[in-house]
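> Each chain, letter by letter, is given below.
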Amino acid sequence: MADYKLIGKPYETADLVAKATGRAKYAEDFRADGMLFAKLLVSPMPHGRVRSIDTSAAEAMPGVEAILTADDLPAADAPNETSLTNEPKYEGEPILAVAAVDETTAADAIEAIRVDMEPLPFAVDPLDSLRPGGPDARLDGNTMINRELATVKWNNVDWAAIDNGELPTDGEISEEWEVGDVEAGLAEADMVLDEVLFHQSMGHQPMETRTAMAYWQNGKCYLHVSTQSTLRTHGFAARGIGIAPEDLVLVSEYCGGGFGSKIFGFIQMNIPALLSQKAGKPVMMRITRQDEHFIGRARPGLQGRVRIGFRRDGRITAMDMFAVQDNGPYGQSGDFVVWPDMASLMYMPLSHRFRGISVYTNTPPRSPQRAPGGLQAVSMFAPLMQKAARQLDIDPLELIRINAPAGQAKIGRPDENGQQGNVTSAFVAEIADLAEQDLDWPAMRARSGRRNGSKVTGVGVALSSFNAGAWGMDGLLTIRPDGKVYIQQGIGNLGTESVFDTARVAMEVLQTDWEQAEVIWGDTSKHLPWSTVQAGSTTTWAHTRANQAAGEDAKRKLQEIAARDLGGSADDYDVADGRVFRRGARSTGLSFAQAAQRAIELGGRYDGHELPEDINAVTVGAATALAGLGLMGVAKDNYAVGGRVISHAIGIAEVEVDLETGAVELKDYRVATDVGTVINPRTLAAQLHGGGIQGFSAALAQKWVYDRRWGLQVSKRFYANRPPTFLDVPHEQPLQWAAQDKPDPFSPVGAKGVGETAEGAGSGAVLCAIADALGDGYFNRTPLMTDMILTKLENLPPAFSRLAAHV
Amino acid sequence: MAVIRDMMPAFELFQPTTTDEALGLLDEYRERAWVLAGGLDSFDWLKDRVKRPAAVVDLGGVEALRAIRPAGGGLEIGAMATLREVSRSPDVRERYALLADAAEIVASPQIRNQGTLGGNLAQDTRCWYYRDGWNCYRAGGTICYADTPTAMNREHCILGASRCVAVNPSDTAPALVALDGELEIHSSGGTRVVAAEDFFVGPDVDIMRMTVLEPGDLLTAVRLPDTWAGARFYFEKSRDRQVWDFALAAVASAAKITNGTVEDIRIVVNGVAPTPLRLRASEDAVRGRQLNDEVAARAGEAAVQGVRPLNHNGFKVALLRNLVMRAVRGGEA
Amino acid sequence: MELFEWGSNPWGQETLVRISWDLLYLAFWGGIAFILFHVVYAIVWLPKLARANGGGEAEAGGASVPARILRHTSAARFFHWVMAAAMIALLITGFFPIVGIQFPWVTIHWISGVLLTISILYHIVHATFFLDFWSIWILPADLREAWQRVRHQMGQEAGAIRKHGKYPLDHKLYHLAVTIAGLAVIGTGIVMMARIDGALWPRNPYLLSDATWGLMYVLHGFGSVLFVTLTLTHIYFAIRPEKLWITRSMIFGYVDRDRYLEHHDPQRWVVSRDSTEG
Ligand SMILES: Cc1cc2nc3c(=O)[nH]c(=O)nc-3n(C[C@H](O)[C@H](O)[C@H](O)COP(=O)(O)OP(=O)(O)OC[C@H]3O[C@@H](n4cnc5c(N)ncnc54)[C@H](O)[C@@H]3O)c2cc1C
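Chains as they are written, first to last, in my numbering: chain A, 326 to 1132; chain B, 231 to 563; chain C, 5 to 282.
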């Protein structure tokens, strides 16, 4: 590990005090004079057509100021959604919005509106829609094939088998690829697992429900919104409102969680803007928890079948994956495509095939959710890896090692030439060693099967790999005459703190104290550079690189200015501690303040009046606005791209399962990770454990439940969805973690993202631990709850098919 | 008319400071009034606009209803004592640990700080169909949506259902019945004292209520007689996660054991029937016998005689049997 | 006052739930009002009429008529009382909880319903094949005579009025009303068993559409509240002094010759010697 000044050191982030003291302003904390409040009228049925709307009673109510319906909005191209609709395709889909002087009045107004609706056919379980004669969730089809809407029915499939919980693989699908010869691989295997699998759909459930407040001034719209990204939300929001990006100012300094559901803000954020336009007053729209259940996005469920061939030595010869994805009613979810990609990397099968189809259902719209497809892969396959380890009599951690990716390992779907891509790095064997040595897997494993009254101990281990980087973004900073370094960040502040962590790289390059930095974020009027989305675990990789580039640019300019003023060549100068100085003669130099002043005087590329050719137009705009304020560091990330960036984690978990009550108690969880260089150990730990905790609840508790007769969700209360809580996590002692902390060779800093990788490690490890406790407790279904465990322990007839969705 | 949820409509809020003042208001508004204790059940109903009282009578300011004090050899706990106060009270801990344990395991620490014993006992069922405002029997309709071919009823009844299959969700209720507690109810017409066992009402008798409380009634206190003080207690609650979760099934028992022989025992379960259910057959299987695993197993079997599981809750039969068995066996929950 | 109670289904569509319970009170107080009216009528009007008609004399020529005439066979009486018991049980279990007297009523209610259904089936078979089937139904002649009686009561010339056959028109009307209400509650009641637990088949509230269920409950409701009125008035007439001989016949089976000759036309209700035997 390089000897860093800032990188790898814990520090106090700029937002910490504000958050801890409640001074931080989230979208709903903003107020404006005369502000109205908006409420939504949502669909009471899973699929229907609005025949007529009678708003007269509502409009006659004092305090009701504007009503917005789908007719006020431009239509979207199928299969995309609009923020209001006349043909709702899921319960809870917004039909119209009312703005009134307060929320009470707005809600009363909603109640006074009459909407006459014609119910349309609906499907909540994808398999129902594939059944011959089965309902379609959309009037224009039930799936997409080659980017076209299509209707697929499985006419020649053995439906009796499906009703029996089997999943034949001869139904029509839309996606297919193969590497090597899977049938041959299976044939040569010494052992083949052939399993039916189910992964639930689950809502994102961020703490902060989506919220937006908008007002107009001099033709410009000001939007305060709960969003993960900032810069990348801006264009999307402008399009939704129907204005040019330059006419929109978007403010989002804090976001109370998104997990992928607010990457670009959210589709309904244009509602307050348009209502505000109509009413001529600011409008605040706070989405209630109940509405959040529906419009708040969800992870697509998968109904799958897999055959995995193992050699006696544990090496995987073949993996044959088949999946039906629960797509919700709109768009096209990518989870089922990422699912085999991640499996291909984590298990390195010698041959690999994927077949799948994504089916529309009248359940909430889907979006990426922390490790989309990746979590599903780990939750579904880690227990099978353990099952194989058991049958082959191999330590499950060893089985991970045997099949582990290393170096620039191949990954995923092959291109037209049959070539797979590769990753930049994979230190999986190394983190297996960490799990073994630092986290003491052998000691944990020794406790497997230990009895304590009616309780039995189980231990589990799982590898999780997921995307961890994007590239090609821009970095932008100015060193100003006040001596401070202003680092512009277009990514959002989602609580991961990468908005600050990645800015530290610029200061690292400048070898200057963090206290001298000012991070500018969260407001598009503050001139933010082209950035990645605050999602996909991309920011660490993308913006350590971009800020490295900007930092280097600034450093170079400092050196040049010093050389110009103090003689010698630029290379004779170094930068540290807020100064540029002559190597070997520290007192000869300029402070940042002086250099900034000089840069302004010099103009041109020094103060941003001349900009690099290759930066994004957005960055050009931002830099132009900042030109003349000081010495500008601005550059595009042109560092080498070595492949797909993936980080890895191995989780180990210990549980106690009570054989009389089916209760599962998580006793311990530890995680070892390969995220390249550690930027900030505190935020890394938070992600490792936060992600792990989210994984526990995906494995053990979180779900939604539908009554199929009505196509309505019955688990609408927050508690009935069972998102994770603190007390479900072992909290007597701090959870342990270990990072490999070796730089990825393809980035100057070598830091990869972690947020998503962390989740699968938690869920996979816990599922394996339960299976271990029960001896042979493989359920192939999540969430794994008390009823399922007791049903198995007591040999009861199952209450539902193992493929049944939304139970 | 369109439906909107999660937004409390306007109502008249009253904040009396004495019981009499509260009773006066309840008498004035009758079925149009809503008693507000900690609000954790109440606010759900109000926010979802499913129940629409004209007046809300907030008992938060009635100090007299919060006291926990010895009374007649036993203990009297004011209805407005919070669950935390109940579980931390040394008087309750020492002599009626069963109730303390039950109160300690309700929901989450935040909810226990706010929720009251009276509210916990008087709370409505959590059947998700009913709570979402579906027009079921309990809401005055003619159907139970939780017992249909497509119903999702994992959390519902296996015993004692009558048309409605919702369960009583209270954790403190079975403890109180096991302790043979009594409830003091005031109304403008006078005061009555009801045995805990008779406080809860099943749908066979009244499908629209969970308790004997009628409009105008105020639950003022819970009384614990000394009959079971210091007995051998057992409380266990099965739930899907450690916090914020209602019981899939809960068992509370109080036993008097001399030289390994069960002199007397009360076993009460909740989460499996519309009311907390005293399991007399299980008690009979144990009473007078030497305590051993076989007797415990027999008590468990007796508990599940006559069960009628629904489509999704067959597991509760095994759960109930095992919980009762464990309660008889005793030891750490 | 409302006629119906409306609710909404889970999709927010308005559906018929049942009749409004206002109708229960209407039926009850309507029955009471009718009784009061009749009491007054009986006190004020009937004696006047009787005087005008010279009193109901027993017709001569009844020598061949036995002293006791069997009006209701023991089987018919048995049916009547079983049915009455079932009906009372149904009314109590059905309506007491609505008016606030609460107890576990559902099981008694449906078992009584089953009993009622069986007794009615029995009655249908019995009356069709073993009794004088037509004697209870309203025939064209009944209507003609009814018109005659009305005119007579209003003091108009109406010609000679024939006496009744076995059942006078008011009995026939009552029977008709009971038949209609009874079929409504039984038919719907049987279907409603699909909604309760405790029955022999798996519970399925989705057997019918919301609208059809609404109709079932409404018919059941109408039938039942009608029974409130019918039962009240029935009991009232049963205990009226001038009708006690009929009530007695429902207990003991017989009417005596004088009553028979006073109220009935022997040609229309032909009694033979053997009809004196039970
Ligand atoms: C997320 C969540 C999880 C929960 N989990 C559990 C759990 O695991 N176990 C459990 O037992 N409970 C649980 N609860 C329920 C909660 O503990 C109870 O709802 C709460 O204790 C009710 O008490 P309260 O003081 O908030 O009463 P309120 O909500 O104010 O009142 C509840 C009801 O009782 C009536 N009432 C209250 N006091 C009186 C009185 N003195 N006289 C007459 N009527 C009165 C009210 O009118 C109302 O109908 C949970 C609740 C939530 C929101």
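Some hints could be false.
Over the 12 Å line for every Cβ pair with chain C, so calculated as not near, a few chain B residues [as the list claims (entries may be wrong)]:
#1 T248
#2 E334
#3 G370
#4 S392
#5 R439
#6 R517
#7 H542
Some chain C residues close to chain B (C-beta under 10 Å, calculated; not the full set) [said to hold, decoys possible]:
#8 R72
#9 D136
#10 D146
#11 I200
Honestly, the hints are just simulated from the structure, not real lab data.
All C-beta atoms in this analysis are idealised placements derived from N, C-alpha and C, irrespective of residue type, glycine included.
> Against each hint, give a clear statement of whether it holds in the structure.
Structure-based check of all given hints:
1. T248: holds, 30 Å
2. E334: Nearest chain C Cβ is 35 Å from E334/B, so the label holds.
3. G370: violated, 8 Å
4. S392: violated, 6 Å
5. R439: Violated, because the least Cβ-Cβ distance between R439/B and chain C comes to about 9 Å, which does not exceed 12 Å.
6. R517: holds, 27 Å
7. H542: H542/B is indeed farther than 12 Å from all Cβ atoms of chain C, at 14 Å.
8. R72: violated, 49 Å
9. D136: Where the cut-off is 10 Å and the nearest Cβ of chain B is about 41 Å from D136/C, the hint is violated.
10. D146: Violated, about 39 Å.
11. I200: For I200/C, the interface hint holds, since the closest Cβ of chain B sits about 6 Å away, which is under 10 Å.
In summary, the numbered hints that this structure violates are 3, 4, 5, 8, 9, 10.
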